[in-house]
Amino acid sequence: MTRLFAALALLVAVSPHAAELSAVQLDKSSIAFVSRQMNVPVEGVFKKFSAQISIDPAKPEAGRARIEIDLNNIDAGSTEANDELKSKNWFNTREFPRASFVSSAVKALGGGRFEAFGKTTLKGKTLESRAPFTLKQEKGVLILDGTFPLKRLAYGIGSGAWSDTSVVADEVLVKFHFVLK
Amino acid sequence: MTASARYTETAISLHWLVAFLIFAAFPLGLIMSGLALSPLKLELVSYHKWLGVTVFLVAVARLAWRATHTPPPLPTAMPAWERTAAHGLHHLLYVLLFAIPLSGWLMSSAKGFQTVYFGVLPLPDLIGKDKALGDVLREVHRLLNDGMLGLVVAHVGAALKHHFIDRDDILARMLPFPSRSSRM
Ligand code: HEM
Ligand code: HEM
Numbered sequence: 001m002t003r004l005f006a007a008l009a010l011l012v013a014v015s016p017h018a019a020e021l022s023a024v025q026l027d028k029s030s031i032a033f034v035s036r037q038m039n040v041p042v043e044g045v046f047k048k049f050s051a052q053i054s055i056d057p058a059k060p061e062a063g064r065a066r067i068e069i070d071l072n073n074i075d076a077g078s079t080e081a082n083d084e085l086k087s088k089n090w091f092n093t094r095e096f097p098r099a100s101f102v103s104s105a106v107k108a109l110g111g112g113r114f115e116a117f118g119k120t121t122l123k124g125k126t127l128e129s130r131a132p133f134t135l136k137q138e139k140g141v142l143i144l145d146g147t148f149p150l151k152r153l154a155y156g157i158g159s160g161a162w163s164d165t166s167v168v169a170d171e172v173l174v175k176f177h178f179v180l181k
Numbered sequence: 001m002t003a004s005a006r007y008t009e010t011a012i013s014l015h016w017l018v019a020f021l022i023f024a025a026f027p028l029g030l031i032m033s034g035l036a037l038s039p040l041k042l043e044l045v046s047y048h049k050w051l052g053v054t055v056f057l058v059a060v061a062r063l064a065w066r067a068t069h070t071p072p073p074l075p076t077a078m079p080a081w082e083r084t085a086a087h088g089l090h091h092l093l094y095v096l097l098f099a100i101p102l103s104g105w106l107m108s109s110a111k112g113f114q115t116v117y118f119g120v121l122p123l124p125d126l127i128g129k130d131k132a133l134g135d136v137l138r139e140v141h142r143l144l145n146d147g148m149l150g151l152v153v154a155h156v157g158a159a160l161k162h163h164f165i166d167r168d169d170i171l172a173r174m175l176p177f178p179s180r181s182s183r184m
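Each protein sequence line maps, in turn, to chains A and B. Take 1 as the starting number for the first sequence in the numbering used here and just add one per residue. Take 1 as the starting number for the second sequence in the numbering used here and just add one per residue.
Next comes chain B alone, as it looks inside the complex:
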């Protein structure tokens, strides 16, 4: 396999940056939701929002990359259903990378607790304070997160299956260092 079949460095950096941010924001979301109201909770909720807004910004960069690049083609040996599944899953993940932060932002406005990025940059409240709507958006935020959890498990499972069972280049071409390609 040639070097051109790898994702570009930009794509790889953005992919892992988003993955890293989500692996921080997700458990933080679960932990803080379980806490009783306390200064710690207020702090964690703010950190969670800042992380989430950062995910949104990096997702914009990813989408810009994706709009201007074609990902490396999948191995020809890959069955059609797997290609379809991979594309579908990637599209859904992209959608969630926007939908989850958006739902969190709207929820915050509806709950009357504006999002102030890093404590300095207030994001506009697109909707006014509305308790009932806030509760709905909270449910939406949770459901989207549950959905993403399932998709990421499938995504990681697929990556590992390609690496250890199919023994192809799929994981290696998204890793910072092309381990399998260099071995082959």
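Just chain A, with the same shape it has in the complex:
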């Protein structure tokens, strides 16, 4: 541990960006979502995504992130639900196979809490969004955890009969967990 600190200290001394962590450990990271169906919270996961994140715990404001989700690998609990989500009414993955979140601004909210500002692109539509998150340093890794609400109808997700928000709520919670080394 002391050796690691010594090495880190040396790196910091050498370069201003040295403490910046950017290797996302995909196998330890996850992006999940919780929708409300008939007021029942139902969780699903995005099984495949890529993430480029660089953040310096000493200077989080300079953090940047680019997350891309492969929507064809969505898991909402059943084959039937997964097929439905890939269809035209929902993500329309044939035309829009990916969703992305790109952020180049982070604001410190105090108490170890931050907020990333960026643009979310879903189903061909790009909207401004903010994702609050916490940062935790642990055994040589940095853990980013956050949850933010996303209004599905703003992106035309779940159109037609599915736009009835008394059955499936407009707000979907997106939960992310990234481990950086």
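Note that these hints are calculated values from the structure, not bench results. A virtual CB, placed ideally from N, CA and C, is assigned to each residue, including glycine. One or more hints might be untrue.
As the list claims (entries may be wrong) - Chain A stretches covered by chain B per the calculated footprint, using a threshold of three residues with CB under 8 angstroms from any CB of chain B:
1. 33 to 42
2. 161 to 168
As the list claims (entries may be wrong) - Each pair of labels, with its calculated beta carbon distance range:
3. A:Glu95 - B:Tyr117: 37 to 43 angstroms
4. A:Glu80 - B:Phe164: 35 to 41 angstroms
5. A:Thr79 - B:Tyr117: 24 to 30 angstroms
6. A:Gly160 - B:Ala159: 44 to 50 angstroms
7. B:Pro124 - A:Ser87: 31 to 37 angstroms
8. A:Val102 - B:Lys129: 28 to 34 angstroms
9. A:Gly160 - B:Asp125: 27 to 33 angstroms
10. B:Leu30 - A:Pro57: 56 to 62 angstroms
With chain A's structure known, arrange chain B with the ligands on it following the hints.
What follows is chain B with the ligands alone, placed relative to chain A:
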């Protein structure tokens, strides 16, 4: 036959309330299972669960009644095998009134779709999300329902046989109005 040979009003109300709820929950279960995923299906599945949980609650009340009351004795003329069959059938029906909602509740948890009674009261998930287990419980729920369908057909058949062939009081004493007793 005297009035004391009838089921109590409480027993009669609970019996018909359960029968009514099941006659709603059962076809609803069949209909919704046949639907493709749609908002309607999600709605119907929720209504089905609420009905099913209500069956469970009323069944608890029925069991409490049964634990504190002895049902009116069966007519002395009734053959022993018929008494045994009636008791056995009633016991099985009581078991199913608990087992079917329980299997439905566990299935919902295993499928990752919690039961939220009337959309406000979340029932705890006794088991975690487990797809394979969910599929097994779904089969269990179906088999129990098939079993109950057979038993209820036998039950109703027996009640009608008593009423129209044996011409005894068995059906009348479970009806809200004692038709045959008052005629006799
Ligand atoms: C006594 C009460 C109940 C009755 C009579 C009943 C009856 C049924 C029937 C007939 C089906 C259709 C099975 C098939 O596809 O052949 C069904 C399906 C189902 N029931 Fe029930 N049920 C009861 C209680 C419950 C409860 C309490 C729950 C959950 C809390 C529940 C959850 C379900 C679910 C989720 C399905 C759909 C299974 C699927 O197609 O994936 N049921 N039920
Ligand atoms: C899903 C529907 C039903 C269920 C689960 C059910 C269940 C039961 C149970 C558990 C008992 C025994 C009560 C006790 O002694 O503690 C009972 C009694 C009785 N049920 Fe049903 N029942 C249903 C529908 C019906 C229907 C439709 C009829 C009429 C056609 C009927 C007629 C009777 C009668 C006449 C008795 C009294 C039997 C006796 O005197 O020993 N039931 N029922």
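Comparing the hints with the structure gives:
1. With 6 residues bearing a CB less than 8 angstroms from a CB of chain B, the segment 33 to 42 of chain A meets the requirement of three and the coverage assertion stands.
2. Beta-carbon proximity to chain B at under 8 angstroms applies to 5 residues in the segment 161 to 168 of chain A; the threshold of 3 is reached and the given coverage holds.
3. Separated by about 40 angstroms at the C-beta atoms, Glu95 of chain A and Tyr117 of chain B satisfy the suggested range of 37 to 43 angstroms.
4. Taking the beta carbon of each, Glu80 of chain A and Phe164 of chain B are about 46 angstroms apart, not inside 35 to 41 angstroms as hinted.
5. Our hint of 24 to 30 angstroms for Thr79 of chain A and Tyr117 of chain B holds, since their Cβ atoms are close to 28 angstroms apart.
6. For the pair Gly160 of chain A and Ala159 of chain B, the supplied restraint of 44 to 50 angstroms holds, since their beta-carbon distance comes to about 47 angstroms.
7. Checking the proposed 31 to 37 angstroms range against Pro124 of chain B and Ser87 of chain A shows it holds: the Cβ atoms sit about 33 angstroms from each other.
8. Between Val102 of chain A and Lys129 of chain B the CB atoms are about 32 angstroms apart, so this pair conforms to the stated range of 28 to 34 angstroms.
9. About 31 angstroms separates the C-beta atoms of Gly160 of chain A and Asp125 of chain B, a value consistent with the hinted range of 27 to 33 angstroms.
10. Look at Leu30 of chain B against Pro57 of chain A: about 57 angstroms separates their beta carbons, and that is inside 56 to 62 angstroms.
Figure legend: structure checked against the earlier numbered hints; the only hint not met is number 4.
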